[in-house]
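*Asks:* If you want the building blocks of each chain, they are given just below.
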Amino acid sequence: MAERTAARLYRVLLLAFPSDFRRDCGDEMTRLFVDRLDDTAGRPARAGLWVRAVLDVVVQAGAEWTHGVTRLSREGMAMGGWVQDIRLALRGLRKRPGFTAAAAGTLALGLGVVVALFSVVDAVLLRPLPYPDSEELVVFWKVGTEDGERGRSVDHPDLDAWSEGVPGLQVLGYASSQPTLLLGGAAEVVTVARVTGAPLGTFGVAPFLGRDLSRADDVPAGPRVAVLSHAFWSTRLGAAPDVVGTSLTLGGEPWEIVGVAPEGFAFPGRPDLWMPRLHPAEGCHHGCNIMVAAGRLPEGMDVAAVEERLRAVDARLAEAFPEQHEDVVTELQSMHEHDVADVRSALWVLMGAVALVLLIACANVANLMIVRGAGRSGEMAVRATLGASRGRLVRQLLAEALVLAGMAGALGTVLAFWGIDALVGMAPEGLPRMDEVALDPRALGFAALLVLLVTVVFGLLPARRASRVAPASFLHGGTRVEGGRRSGWSRSLLLSGEVALSLVLLLGAGLMLRTLTEIRAVELGYQVEDIERFRLSTPESRYDTEETLRFFSELEDRLAALPSVEAAGHAFGVPFAPGSMTIGIELRSRPDAEPAPVGLRPASRGYLETLRIPLVRGRWFTEDDVHEAEAVAVVNESAARVLFPDGSPLGERVSVSASWGFDKEPDWTIVGVVGDTRVSDATRPDIPTIYLPNAQFGVNIAYFTVRRAPGALSVLPAARQLLADMDPELAITREESLVDAVARETASTRFYMTLLGVFSVLAVVLAAVGLYGVVAYSVSRRVREIGIRRALGARAEDVVGLVVRQGVAPALLGVAVGLVASWFGARTMGALLYGVEPGDPLTLAGVTALLLLVVLVASLVPARRAAAIHPGSALREE
Amino acid sequence: MTTPDSEHIHAFLPLHPEAFRILTVLHGQELHGYAIVKELERDPGRPGPVMPANLYRRLRTLLADGLLEETEGPAGEEVDERRRYFAVTSLGRAVARAEAGRMEGLLREAREAFGGG
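Sequence lines, in order, name chains A and B. In terms of the numbering used here, the first sequence opens at residue 1 and continues consecutively. In terms of the numbering used here, the second sequence opens at residue 1 and continues consecutively.
Honestly, the hints are just simulated from the structure, not real lab data. Careful, some of the hints might be misleading.
[Claimed, not checked] FRET-style restraints, in silico, Cβ to Cβ: (1) B:Glu18 with A:Asp342: 51 to 59 Å; (2) B:Gly45 with A:Glu263: 45 to 53 Å; (3) B:Leu106 with A:Trp82: 23 to 31 Å; (4) B:Ala110 with A:Arg11: 40 to 48 Å; (5) B:Gly76 with A:Ala45: 53 to 61 Å; (6) A:Asp302 with B:Gly76: 28 to 36 Å; (7) B:Glu18 with A:Arg23: 18 to 26 Å.
Each residue gets a CB set at the ideal place from its N, CA and C atoms; glycine is no exception.
Whenever a hint applies, use it, and build me the whole structure from the sequences.
*Replies:* This is the structure:
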C-alpha cells in the first residue's frame, strides 16, 4: 500500500518531464525509485531519498526540456554551471528589487499561511495523542438502541461489569469537582478529577514522584489520598521534593499526598489533583450517574472486537437492571477521535481555505514570471544570437526560480512562526491540543516540499516558453518580442482561476459573518449586560443542608444590599456555565405515562428578577417557600408546551427523580410559568425545564448572580470581601460577567470567521494585484496600438472600455467558475453555519458584487493611464 | 555491423565520467536499471546514490547515440520481463576503450609533470 502511494507520488513528480520522455522511461524510473525506497531503512533516510528524488527530477527535467535527446556526453560537468547560474540569478534578482519582493513576498505569504495552519492541523488532527500506544485509548458511550440517544454518563456497576466482561480492558471513571483548598490560611477553589482507578497507569505514564492511584483506593470508606499535577506541585507547593506523605486540607478534610504526576500530564481537562471517587458502590444516591469513562483496549484487540464482547455484558446488565439497561448498548470511540470530533470539519475547511490562498499566490507568481520572461525575451534573443545555448538560457531561468522559491521558503517559515503564535493566541478555549502546536520538523518538511514543487512548476513552464525565442526574431522585431498569443491566453486563464478561488473564499467568510450576526441576534431570554456572577460551594464537612441554605440566603440578601447592586439571586444550571442536571419527571395527573426527561434548575427567590427572565403566568418563588412549606415548582414555556399541551400547568403536581440536600422526594406543585432561556447553546432552543426553590431542594453548589446598576463598576471585589467576612475559609471561583461568558460561547465562530476573513482578504488582494499587473502589462505592450486608435479618432472612453474589458472578461469567467465551485465548497461548511444556508443567495450576491467591484477598480487604474496616452508621443516612441 | 571509424569514435570524447562508468559496468553483461545502479554504487568514490531521472536521461542518450542497445535480457538467466535490459554496442565498447586510452594518456602526462606513482 505504502509502495503504491510512493509510486503514485513519484509519478506526479515525473509530470515535470516532457511526455515522450515519460512514456519512454517513466515506468522504469518509478520502479527503480520504489525498489530503492524499499531498500532504504528508517524514516529519515527515506525522507532524504524523497528530497534527493525531487532535486534529481528538477535538475534533469530542466535539462531534458532544453536538450531533448542530444549529445549528453558533451554536456560537460553540469554542477559547476549551476553554481554560476545561481550566482547570476541572485545578481539579477537584486537588480530588480520590485519584481523580487513581489514574487518572493507573494509566495512567502502563501507558504506561511499554509505551513502555519498545517502545523495546527498536524498537531490537532494528525498526530496521535501524546501517550504511549495512544491508539488503544478509548472513551465509553451508552447508546439507546430504540431512540438512538447517546450519552457518556456511567456509574460504578457499569465499570465493574465492563472490566469483568472483557479481561485486560482498563476502565477509568472520572468526574470533576471544585472543592475549596486551605493553603497557608487562604481559601481557594481547586479543580479535582475524582477517579475510579489509576489515572496515570491507564494512560501508560509513570508518576513523577510517589505512586499512582489505583482501583483499590476507590472504596466507600477508603483512604483519603491524592496525586498532584506537576503544575500544581511546582507552582503552589514550591516543587517540594518531600511532598509525598504530607497532607492538604480539601473541602475541610485532610487528604494525604501519595504522588505527583509527570509534567504535562493533564487528563481530563487540566485538574490540579486526582482523588479517588470514594463513592458508595451500592445504591444510587444523588449524583450517581454523573461520571464518564475512558479506558485502554486490551493488547491486540480493536474497538470492534471489544464492542462485541461488551454486547454480552450489555445483555447481562439489561437482565439484571432492566430499568437502566434495557435497550442500551455500550459503544467505544477512539479518544483522539472523540477529542477532535468537534473541530475536525472546521480545521479542514480552514486548511482548504489556505490551500486556495497558496494556489492564488502561485498563480500570481506564475503570471509575474511569464510577464517577466516575455519582457526579457529581447535580452534572451540577444544572448541566443551571441551563441548562448538554449540550455544555458533555460537553466538560468530555472536557477532564478529556485532562488526565488528558496527566499520565499525562508520568509514563509518566518511568517509561519508568527502565524502559529497568532493562531494559538486567538484560538478559542474549546480547540483541543493547542498547547501541542509548534512549527515542527514535519511542517518544515512539508514547506520544503512545497517550495520545490512550486519551483518545478514555475521554473519550467515560463522557462520553456522563453527559450523558444528564435534569435532571428530579435533581428526582425527589435525589442518587441511578444510572449505570443498563447502566453496571453494562459495569463488570462490564471486570472480567471484566481478570481474563482477568491470568490470561494469570500463566500466562506461571508457565510461565517452571517452566522455570527445570526447568533448575536438570538433572543437569549434574559438580560446579559450588567450581570456578574461567581460560583460558590459549601463543604459538607462543615455545613449541613440547613446551614448551607441559611448561608446562601444571607449571602444573597447581603449581595442585594451592596451599593450599586439592583438585584441578586443564585441558582444551579445558569447561562453558559458548567453544571446542568437532567432528570425524569412524572405527572400525577397521568401516572401511567413514561417519565419525561427535563432540565432541573434549583434557583433562589431573587434569581428570576436578577436576570429579568419574564414571568409568563402564576408566580415565582418567595421567601415563604421554605423546606417545611408545600413543595412548589415553576416550569419554563417549553415544558408547559410539551408536558401540558392541553391546558395550564398551574396546580399540576409532579414528582422528580432526584433529590439533593433533603432525602425526601416530595410531590411538587407547579405554581408558575417563566420564559425560555438559552443557557448552554445560543443556537438551540431551551429544553423543557423545571425550576425548584433551592430552599426546598438544597444544592450546596450555586452560581450567585448579581445585576448592578447600568454603568456601575464591577461588584465582584465587594462580593469577595463580603464572603471573606462571612466565612474566610470559603472561596469563590468562575467570577465573570455574563457578557464575557456569552462572548466565550461565540468564540469559536468568531475564530473561524476571523481566519476565513483574513484569508479571503489576502486572496482578494492577491487576485486584485495579479489582475492589475496583467492589465497594466498589456497596456504597456499596446502603447503604439492605442496611440494609433487615438490618432484614428477613438475617444478616451473607448480606450478605457477596451482595456477594462481585458480585465473584466477573464474575471467574469472566473466568477462563473467560482459560483459553481462555491456551491460545492460551501457545503463542506454546513456544520459551522447557523441561521444561514450554504447557498444563501444574499451572501452569494454580496460577495460577487464585492469581487466584481475590486476587479473593476483594478482594471480601471491602468485603463485611465491608457486613455491618457497621447497619439503623437506614442507613435514617436517607436 | 560496420566497424566504427576513428573519427566517429572521437566525436564522443571526452566522455562524461558517469557515461564512462555505465559503459564499463555493462561490459560483458546485460543489466536492468536497478542492477546498473547497484554496480555504479560499488564505486566507493561516488558522492551519493544514483537517482532515477539522472540515470535514465543518461541511458536514453547513450541509446540514442548508439553506444548502448536494449536487449531481451541475459540468455540462460532468470529475466524479469517487466524490466528493460541494456547492453553495450560495439560502438560503445570502442568509445569506452578510446576514452580509457585518452585518460591513460592524460594520466601519463600528469605523472611526467608531477612525478610520483
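*Asks:* Hint by hint, say whether it matches the structure.
*Replies:* Hint check results:
1. B:Glu18 with A:Asp342: 51 to 59 Å: holds, 56 Å
2. B:Gly45 with A:Glu263: 45 to 53 Å: holds, 50 Å
3. B:Leu106 with A:Trp82: 23 to 31 Å: Hint holds: Cβ distance 25 Å, inside 23 to 31 Å.
4. B:Ala110 with A:Arg11: 40 to 48 Å: For Arg11 (chain A) against Ala110 (chain B), whose Cβ atoms are near 46 Å apart, the range 40 to 48 Å holds.
5. B:Gly76 with A:Ala45: 53 to 61 Å: violated, 36 Å
6. A:Asp302 with B:Gly76: 28 to 36 Å: violated, 51 Å
7. B:Glu18 with A:Arg23: 18 to 26 Å: holds, 24 Å
Hints 5 and 6 from the list above are not met by this structure, while the remaining hints are.
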